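Participant: Just so you know, the protein sequences line up as chains A and B, in that order.
Read in order, the letters of the first sequence are residues 1 to 375 in the UniProt record's numbering.
Read in order, the letters of the second sequence are residues 1 to 784 in the UniProt record's numbering.
Among these hints, one or two may not hold up.
Anything over 10 Å on all C-beta distances counts as not near chain A; from chain B, calculated [what the hints assert, rightly or not]: (1) Val28; (2) Leu351; (3) Ala499.
List of simulated lysine to aspartate or glutamate pairs, EDC-like, C-alpha gap at most 20 Å [as the list claims (entries may be wrong)]: (4) A:Lys310 <-> B:Asp466; (5) A:Lys248 <-> B:Asp406; (6) B:Lys467 <-> A:Glu74; (7) A:Lys356 <-> B:Glu551.
Quick list of simulated restraints, FRET-style, between CB atoms [unchecked claim]: (8) A:Arg353 <-> B:Gly451: 20 to 28 Å; (9) B:Asp17 <-> A:Met299: 47 to 55 Å; (10) A:Tyr160 <-> B:Gln628: 33 to 41 Å; (11) B:Gly241 <-> A:Met299: 24 to 32 Å.
These are calculated hints, taken from the structure and not from any lab test.
Values in this document were obtained by computation on a predicted structure and should not be read as measured data.
Backbone N, C-alpha and C fix where the C-beta goes; we use that ideal spot for every residue, glycine too.
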Amino acid sequence: MTDDLDTMREHMLTAIAAATGLEALEACRVSALGKQGSVTALLKTLGGMSPEQRLVEGPRIQGLREAVSTAIAERKAALEAAALEARLASERLDMTLPVEAVPAGTVHPVSQVMDELAEIFADLGFSVATGPEIETDWHNFTALNIPASHPARAMHDTFYLQQGIDAKARGEADEKTTFSLLRTHTSPVQIRTMLKDKPPIRIIAPGRTYRSDSDATHTPMFHQVEGLVIDKGITLGHLKWTLETFLKAYFERDDIVLRLRPSYFPFTEPSAEVDVGYTWTRGKRVIGGSGDAPGGGWMEVLGSGMVHPKVIAACGLDPAEWQGFAFGCGIDRLAMLKYGMDDLRAFFDGDIRWLKHYGFAALDVPTLSGGVGAA
Amino acid sequence: MKFTLSWLKEHLDTQADLEAIVLGLTRVGLEVEGVENPADKLAGFTVARVLTAERHPQADKLQVLSVDTGSQTLQVVCGAPNARAGLVGVLGLPGAKVPANGMELKVSAIRGIESNGMMCSTRELELGEDHDGIIELPEDAPVGTPFPDYAGLNDPVIDVSITPNRQDCMGVRGIARDLAAAGLGTLKPLLGTEEQPGEGAAPHIRIEDAEGCPAFYAQAVRGLTNGESPDWMRRALTAVGQKPISALVDITNYVSIDLGRPLHVYDAGKLSGGLVARKAQGGEQVLALNGRTYTLTPAMTVIADDAGVHDIAGIMGGEHSGVSAETTDVIIECAFFDPDTIARTGQALSLTSDARSRFERGVDPAFLDEGLAIATMLVQHICGGTASPVTRAGTPPLGTRSYAYDPALAGTLGGLPVAAERQRAILESLGFAVSDDWQVTPPTWRRDVDGPADLVEEVIRIEGIDKVAPVPLPRAPGVARPTATPEQKLERRVRRAAAARGLDEAVTWSFLPEAQADAFGGGAWSLANPISEDLRVMRPSLLPGLLAAAERNLRRGAGAVRLFEIGRRYLAEGERPTLALVLAGDRRSRGWREGKAAPFDAYDAKAEALALLAAAGAPVDNLQVMGQAGAAFHPGQSGTLRLGPKTVLATFGAVHPSTLKAFDLDGAVAAVELYLDALPARRGSGFARPAFAPPALQAVRRDFAFLVPADLAADALVRAVRGADKAAITGARVFDVFAKGGETSMAVEVVLQPGEKAFVEAELKAVADKVVAAAARLGAALRG
Numbered sequence: 001m002t003d004d005l006d007t008m009r010e011h012m013l014t015a016i017a018a019a020t021g022l023e024a025l026e027a028c029r030v031s032a033l034g035k036q037g038s039v040t041a042l043l044k045t046l047g048g049m050s051p052e053q054r055l056v057e058g059p060r061i062q063g064l065r066e067a068v069s070t071a072i073a074e075r076k077a078a079l080e081a082a083a084l085e086a087r088l089a090s091e092r093l094d095m096t097l098p099v100e101a102v103p104a105g106t107v108h109p110v111s112q113v114m115d116e117l118a119e120i121f122a123d124l125g126f127s128v129a130t131g132p133e134i135e136t137d138w139h140n141f142t143a144l145n146i147p148a149s150h151p152a153r154a155m156h157d158t159f160y161l162q163q164g165i166d167a168k169a170r171g172e173a174d175e176k177t178t179f180s181l182l183r184t185h186t187s188p189v190q191i192r193t194m195l196k197d198k199p200p201i202r203i204i205a206p207g208r209t210y211r212s213d214s215d216a217t218h219t220p221m222f223h224q225v226e227g228l229v230i231d232k233g234i235t236l237g238h239l240k241w242t243l244e245t246f247l248k249a250y251f252e253r254d255d256i257v258l259r260l261r262p263s264y265f266p267f268t269e270p271s272a273e274v275d276v277g278y279t280w281t282r283g284k285r286v287i288g289g290s291g292d293a294p295g296g297g298w299m300e301v302l303g304s305g306m307v308h309p310k311v312i313a314a315c316g317l318d319p320a321e322w323q324g325f326a327f328g329c330g331i332d333r334l335a336m337l338k339y340g341m342d343d344l345r346a347f348f349d350g351d352i353r354w355l356k357h358y359g360f361a362a363l364d365v366p367t368l369s370g371g372v373g374a375a
Numbered sequence: 001m002k003f004t005l006s007w008l009k010e011h012l013d014t015q016a017d018l019e020a021i022v023l024g025l026t027r028v029g030l031e032v033e034g035v036e037n038p039a040d041k042l043a044g045f046t047v048a049r050v051l052t053a054e055r056h057p058q059a060d061k062l063q064v065l066s067v068d069t070g071s072q073t074l075q076v077v078c079g080a081p082n083a084r085a086g087l088v089g090v091l092g093l094p095g096a097k098v099p100a101n102g103m104e105l106k107v108s109a110i111r112g113i114e115s116n117g118m119m120c121s122t123r124e125l126e127l128g129e130d131h132d133g134i135i136e137l138p139e140d141a142p143v144g145t146p147f148p149d150y151a152g153l154n155d156p157v158i159d160v161s162i163t164p165n166r167q168d169c170m171g172v173r174g175i176a177r178d179l180a181a182a183g184l185g186t187l188k189p190l191l192g193t194e195e196q197p198g199e200g201a202a203p204h205i206r207i208e209d210a211e212g213c214p215a216f217y218a219q220a221v222r223g224l225t226n227g228e229s230p231d232w233m234r235r236a237l238t239a240v241g242q243k244p245i246s247a248l249v250d251i252t253n254y255v256s257i258d259l260g261r262p263l264h265v266y267d268a269g270k271l272s273g274g275l276v277a278r279k280a281q282g283g284e285q286v287l288a289l290n291g292r293t294y295t296l297t298p299a300m301t302v303i304a305d306d307a308g309v310h311d312i313a314g315i316m317g318g319e320h321s322g323v324s325a326e327t328t329d330v331i332i333e334c335a336f337f338d339p340d341t342i343a344r345t346g347q348a349l350s351l352t353s354d355a356r357s358r359f360e361r362g363v364d365p366a367f368l369d370e371g372l373a374i375a376t377m378l379v380q381h382i383c384g385g386t387a388s389p390v391t392r393a394g395t396p397p398l399g400t401r402s403y404a405y406d407p408a409l410a411g412t413l414g415g416l417p418v419a420a421e422r423q424r425a426i427l428e429s430l431g432f433a434v435s436d437d438w439q440v441t442p443p444t445w446r447r448d449v450d451g452p453a454d455l456v457e458e459v460i461r462i463e464g465i466d467k468v469a470p471v472p473l474p475r476a477p478g479v480a481r482p483t484a485t486p487e488q489k490l491e492r493r494v495r496r497a498a499a500a501r502g503l504d505e506a507v508t509w510s511f512l513p514e515a516q517a518d519a520f521g522g523g524a525w526s527l528a529n530p531i532s533e534d535l536r537v538m539r540p541s542l543l544p545g546l547l548a549a550a551e552r553n554l555r556r557g558a559g560a561v562r563l564f565e566i567g568r569r570y571l572a573e574g575e576r577p578t579l580a581l582v583l584a585g586d587r588r589s590r591g592w593r594e595g596k597a598a599p600f601d602a603y604d605a606k607a608e609a610l611a612l613l614a615a616a617g618a619p620v621d622n623l624q625v626m627g628q629a630g631a632a633f634h635p636g637q638s639g640t641l642r643l644g645p646k647t648v649l650a651t652f653g654a655v656h657p658s659t660l661k662a663f664d665l666d667g668a669v670a671a672v673e674l675y676l677d678a679l680p681a682r683r684g685s686g687f688a689r690p691a692f693a694p695p696a697l698q699a700v701r702r703d704f705a706f707l708v709p710a711d712l713a714a715d716a717l718v719r720a721v722r723g724a725d726k727a728a729i730t731g732a733r734v735f736d737v738f739a740k741g742g743e744t745s746m747a748v749e750v751v752l753q754p755g756e757k758a759f760v761e762a763e764l765k766a767v768a769d770k771v772v773a774a775a776a777r778l779g780a781a782l783r784g
């Protein structure tokens, strides 16, 4: 009996190991463990045994059954793995074939820089204000201390509109409009803000502006950002600090050097134009350092000054109580200085090659924690 | 405004060098735009004498010269016919660059003979047109002297930009005054300002238009000769870009640049009767000195005699009474014209002149006598003749005004505390009168100064704006609030959502050609003075700009163009913030997986519109698709997305073939316009969101296939199906559509959400019956 069982086990395990397919393996299982199977038959003999005999033979027959079923399970797993492997091998694809790319869009540099400015100035407590581009001459000139025959109006190369502004339709009080025009600067937003809000005021106003000017460095449409602070005790010193802080944050450089030059704007007094120092590095202007350093130079970046008392008064505020500063700066130019474009006209062409080259990824959102600039 | 260093020194006694003067000018607000020394390009050219001249052995027309340069004798080959022994001329030495052609001179062999430089003509040095021969200098010209020094050309020309408030600096003397105040020297006294007693009859002048011409002074000079002006004057004018014309014209130009005082000189022989300053008659014409005829209006001031107009007052003189070489008797006019009238006249006539730019900014009203005396002195000195007594009509508006000034303002407004006495010194050096109790009177030439803030500016600019120390803005108290408005946040969201969806943001012109605006409903605003017809009408839509950009891109070979723009449309009622996008070219390029390339269609536009509306927070599930996308779109493949029947949030679709043709676009283009200001405002109900409560039981899905009438909109069917049992049905969507043999089949998947208990079969059957009944009301039959 002992020998029979050992022989049987050996015989069966050999047959299982030799099974080359699931069908052959199933045949092994049936011949051993099936209803008519040899192991099943042995198990049936246990019922006819004496308890003593069963105590001896039982574990042996059970051991045989377990060994056989384990061997079958293992062999089955091995055969299945081999079959899967064979199937996968047959499913091989050329992974070097190209896939369809999801198009990546871009954000225009002007928008990106506007977002950068909003972020920088938010940190200084400035809100973002807006105003209409089709303006009255009152908002664009008169209220800014530029009366009708003022020579400064000629400097502005104004686009006039054939149609008049219906102030009522705009929900505005009649402001003695004689002309409607395309705003020549973002400064009318100063007026609108002072008319609407109570001081203290801190705003920036980015937007489109227009002048009848077209050459290599001027386009009839361009973008400006206006800044305005109205409060008590504001001096030219605050203006200087604000501009320094802004430009350092914008260019992300500590070595930004400003040069203020006395200048003239009818709506500020005193007025200053602001130059920023640069150096020539590998044939390119790089902002930073003093413009008086060897190899350096100064580049005009913005106009600024203390808001003229007449402008404050025109907006219904008492110039004896409130004073402040304003500045205006070309956004397109800021973008060019930081990101290296050299042709302003390309900004407005919509050439997707240019947009993809100079544009920004959707997720390049300027933040103070991540840096306002996008490399 | 250009002037030379030597001209400046006529008024400014200074030891400062050019660099210090240039820095000083910029520091006080007279921005230096450029400095150029004409001597720089004449470096290496020297006065030289020809000692001998021999025929060139190899060439008939050339000579071999030996030339004395003062330090050596050089052999020079020369082709000029006037080259001869004894001639003193200008030699360009090896290394010098010929100004006319940029050629660098070298020692070279000309037909086998060594030549060590070049004897130059006037044209080669860009000093004139003469090229018939080499320059001949006087016998006694000092040989060996650098030519620019000999010719007085070693005199830097400084170009400053004068802001419109500083008329006083449109004369060299005003600039000198500013520099003196800034500590760069002393202002020299002005000579020749005393009126000399005259002879003969004073000119007859009178004023009829006292508003346009408050003061008109004149003096006659008789028996003069109007030849060339002297060298020093010609050189000074040439250096600053004024072409010398004749002595009398040059004198007026000189005084204008020197003192900012415009004058006019009439040929008295061509006048009939006295001169009158009056308003022009409507339609009156004058041939001006620029050779053009101007038609005048009664708003303009003129100077006329009995015969007609001789001067568009303060802007440009008339040709008829202009001076010429034959002129012997003149009347010199020195007047004060109303700046506003000048500005309006100049604008109306589109006529600019040096006189206009000075008068419209307001010349010094107290300088008429002195200006006239200096002009007359120069005329007599240069042209001879006898001066008459001066006739004065009217009175110039001196408009003296004074301001109470608190010196503390320099610190509290200008941010630079300056000692009171220092401020007094600064103001006085600029010509201001300062009383003991700080009542400050500006000088007559500073019409621009109007109030204490201007006085602060004067103090700060002279003391040095660079001395103003930066002071941090105080931080606003409390927690930082968002500084962007909801509208701005919305724009930022949709901008970055569009870019994330693969669209490139463009910025296109706000103005369009009229035809393009008309194709999109017509523009409400057009420019009166456009830069070109292509940039005339303010856009009623953003699409024309984007379509034009798409066409340019496709023409450059782009396969797919996905462009968007966020900007304003300019409508009669106002400016509406808008996002527009165009999809042109291939949506999908051909590929080994995808097969043939596919163009964009109206559904792509709809998908973009819905995605961006979702990003903007619009309730996209509640939007209705309706028609009326406008004439620019394909009438059968476009629509509007509306919230309620009236509020149009977006227009989308395939662009009309006629529109495409107008933009030279081949192939289909899809487009969207999204009206940002029509979107419902987000409700600000705090940051906390409602509790998360997913349904307890799994939803059940059932499919229904209907045969539908051909004109039934899918949206209508889905709406009906959803409405069949609002409690149980939480979703329905069309997942298959096909048309065959005049019949359309639409398959709808319906989602049923059980509540507390699972559906039993009878309940599902009841809902299904309701769905079928609802569809049947639209003429849709369940397919068997």
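Participant: Could you run down the list of hints and mark each one as holding or not?
Facilitator: Hints versus structure:
The beta carbon of valine 28 (chain B) sits about 6 Å from the closest Cβ of chain A, which is not more than 10 Å, so the claim that it is off the interface is violated. Remark: the non-interface label on leucine 351 (chain B) is consistent with the geometry, its nearest Cβ contact in chain A lying 12 Å away (cut-off 10 Å). Residue placement check: alanine 499 (chain B) does not keep its beta carbon more than 10 Å from all beta carbons of chain A (closest about 4 Å). With a C-alpha separation of about 26 Å, the suggested pair lysine 310 (chain A) and aspartate 466 (chain B) falls outside the 20 Å cut-off, and the hint is violated.
As the CA atoms of lysine 248 (chain A) and aspartate 406 (chain B) are separated by approximately 35 Å, the hinted pair breaks the 20 Å bound. In summary, the hint linking lysine 467 (chain B) to glutamate 74 (chain A) is not supported, as the alpha carbons are separated by about 90 Å, beyond the 20 Å threshold. Proximity of lysine 356 (chain A) to glutamate 551 (chain B) is assessed by CA-CA distance (about 17 Å); at most 20 Å being required, the pair is judged to hold. In this structure the hint that arginine 353 (chain A) and glycine 451 (chain B) lie 20 to 28 Å apart at CB is violated, the actual value being about 54 Å.
For aspartate 17 (chain B) and methionine 299 (chain A), the Cβ-Cβ distance of about 25 Å falls outside the hinted range of 47 to 55 Å, so the restraint is violated. Tyrosine 160 (chain A) and glutamine 628 (chain B) have their C-beta atoms about 34 Å apart, which keeps the hinted 33 to 41 Å range intact. At roughly 26 Å, the beta carbons of glycine 241 (chain B) and methionine 299 (chain A) sit within the given window of 24 to 32 Å.
This entry does not satisfy hints 1, 3, 4, 5, 6, 8 and 9, going by the numbered hints stated previously.
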